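There are 2 protein chains.
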Amino acid sequence: MDHGFQSQDFSIDRHSGISAWKQIADMINRSIQSGEYDHTGRVPPETVLAERFGVNRHTVRNALASLVEEGLLSRVRGRGTMIEKREKLVFPISRRTRFTEGLAPQAGAIAREVIRSDVRPARKEMAEALHLKEGEPLVYVCMIGFADQQPVSLAATYFPHNRFPHMADLIGQHHSVTKALVEQGVGDYVRVSTDVTGRLATAEEAAHLKLGSGSVVLEAVSVNADLDSLPIQYSRTVFAADRISLRFDTQ
Amino acid sequence: MDHGFQSQDFSIDRHSGISAWKQIADMINRSIQSGEYDHTGRVPPETVLAERFGVNRHTVRNALASLVEEGLLSRVRGRGTMIEKREKLVFPISRRTRFTEGLAPQAGAIAREVIRSDVRPARKEMAEALHLKEGEPLVYVCMIGFADQQPVSLAATYFPHNRFPHMADLIGQHHSVTKALVEQGVGDYVRVSTDVTGRLATAEEAAHLKLGSGSVVLEAVSVNADLDSLPIQYSRTVFAADRISLRFDTQ
DNA sequence: AAAGATTTGTCCGTATGTATG
DNA sequence: ACATACATACGGACAAATCTT
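In order, the protein sequence lines correspond to chains A and B.
Note that our numbering has the first sequence beginning at 1484, numbered continuously upward.
Note that our numbering has the second sequence beginning at 1484, numbered continuously upward.
Keep in mind that the hints were calculated from the coordinates and are not lab data.
Warning: the hint list may mix true and false statements.
No copy labels: a pair is met if it fits in one copy or bridges any two.
[To be verified] Below, computed lysine to any residue pairings styled on SDA-like, alpha-carbon distance capped at 20 Å:
| id | residue 1 | residue 2 |
| --- | --- | --- |
| 1 | Lys1693 | Arg1497 |
| 2 | Lys1662 | Gly1585 |
| 3 | Lys1568 | Gln1633 |
| 4 | Lys1693 | Asp1492 |
| 5 | Lys1571 | Val1551 |
| 6 | Lys1693 | Ser1494 |
| 7 | Lys1693 | Ser1499 |
| 8 | Lys1607 | Val1531 |
| 9 | Lys1616 | Gly1554 |
| 10 | Lys1693 | Ile1495 |
| 11 | Lys1568 | Thr1661 |
| 12 | Lys1571 | Glu1611 |
This structure is a prediction, so every number in the text was calculated from the model and none was measured.
Turn these sequences into a full structure, and let the hints guide you.
The following block contains the structure:
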């Protein structure tokens, strides 16, 4: 599938520090994501790929093996290499952004798991966003978001401790930020801003999100406020980029 | 700098298809971007890094050499390895999104260069977004966006050919989509939606944006409409993730 | 049903690049 | 600069499963 930039090129950079099979795996992965093989539901035979990329068949086999291990492909001797379809979820971000509501229509089961929480002093960027002074206490909650039993996001969120002293416990009880805020008198809240960057996953993120090393993540830094425009939540959320995309409706 | 997830881990994956020096270069790169060395303005000595990552000093030297070549670091014998400051630009996306206006306050010179244009039939996703039938003619314009002489974005944009037959020429003249639209009777337009994903750069994108292989890009698929809510532009824009972040204000 | 083509799986060996000490 | 270990890449040959004719 042509995406509008240039016709595809299959050259391999031998001095990039990335092995040939890994580069090929990345290219095949991109081709799958862009729907290039949707008509057949399978990847071309190893011999064809080997010729296309200008490498030995064993090198292609290494690339395919890594994608099979990630669950993206499955191979059957004599038949070929089939694509396991995995729909990409869309996480909608708007003035009213809610994790569960946003993903519920697209996935069977949505869940959140708190993996750590404590109280810690505000760092500069958090203090600025929350209109506090640097060093003031914040409730810190780190949680993983699941869609269909697959981890899709890893979020570190911070609340002013003075206003929400029991935030950690309440999120642990309800597995929901919205419900925890309701119990503390915040009936509704809105998303103020979201900063999005992309980068490679760190080792910890890859472990929590069950990603292969060298995977790409989207990092969203966001601020929520109550209806009086008082900021109440600062979050840094990391999304597995190959499982989710972010949609912004600026209506 | 702790980012709220877990204490940092410096383990190297020997079976990832990515050589140790490349993995270390990526980790140092992330540390620099997250501001971990901002207080000293330099990277720790090679011997310290070697011990921290559990590798030989030669391996760390390879990693640093690749970052020096990218222009991220500079080494002076006897003094150490200094960080060359490179601020990340923020591209604001809102109902009113304009390339030049958005970046002008942050960079000295903003420029756009058209690298290709033609007329081509609408593919399914474009036709749906523009309320046309599949196969109807679209004006296609591919351009690179520069900030301070550095390429930051690569955009493939599509306009209905019936309504804007001279779009390509006008953009070529003015180097501005906004001005080209004004000349064709669209005084103002608004951003309707933006879909953001992250992935590794393709070879062509890396070439156009002057990225190393294995670099991460943000891909934004967006739709603009005129003030009568008629969609007029479908775009796929790729941003160099290490030079730019996207900011969404959901005010 | 049988033969041949296609496609993945496995074995051998060799050369090169990477990382260590 | 050198020796060692290991992962990577290549080349060829054959086996085993599946599909086509």
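Against the structure, the hints come out as follows:
no. : hint              : result
1   : Lys1693 - Arg1497 : between (28 Å within a copy, 17 Å between copies)
2   : Lys1662 - Gly1585 : within (15 Å within a copy, 37 Å between copies)
3   : Lys1568 - Gln1633 : within (14 Å within a copy, 38 Å between copies)
4   : Lys1693 - Asp1492 : between (30 Å within a copy, 16 Å between copies)
5   : Lys1571 - Val1551 : within (18 Å within a copy, 36 Å between copies)
6   : Lys1693 - Ser1494 : between (29 Å within a copy, 16 Å between copies)
7   : Lys1693 - Ser1499 : between (25 Å within a copy, 14 Å between copies)
8   : Lys1607 - Val1531 : neither (54 Å within a copy, 28 Å between copies)
9   : Lys1616 - Gly1554 : neither (47 Å within a copy, 36 Å between copies)
10  : Lys1693 - Ile1495 : between (27 Å within a copy, 16 Å between copies)
11  : Lys1568 - Thr1661 : neither (32 Å within a copy, 40 Å between copies)
12  : Lys1571 - Glu1611 : between (34 Å within a copy, 19 Å between copies)
In the structure shown, a violation is registered for the earlier hints numbered 8, 9 and 11, in ascending order.
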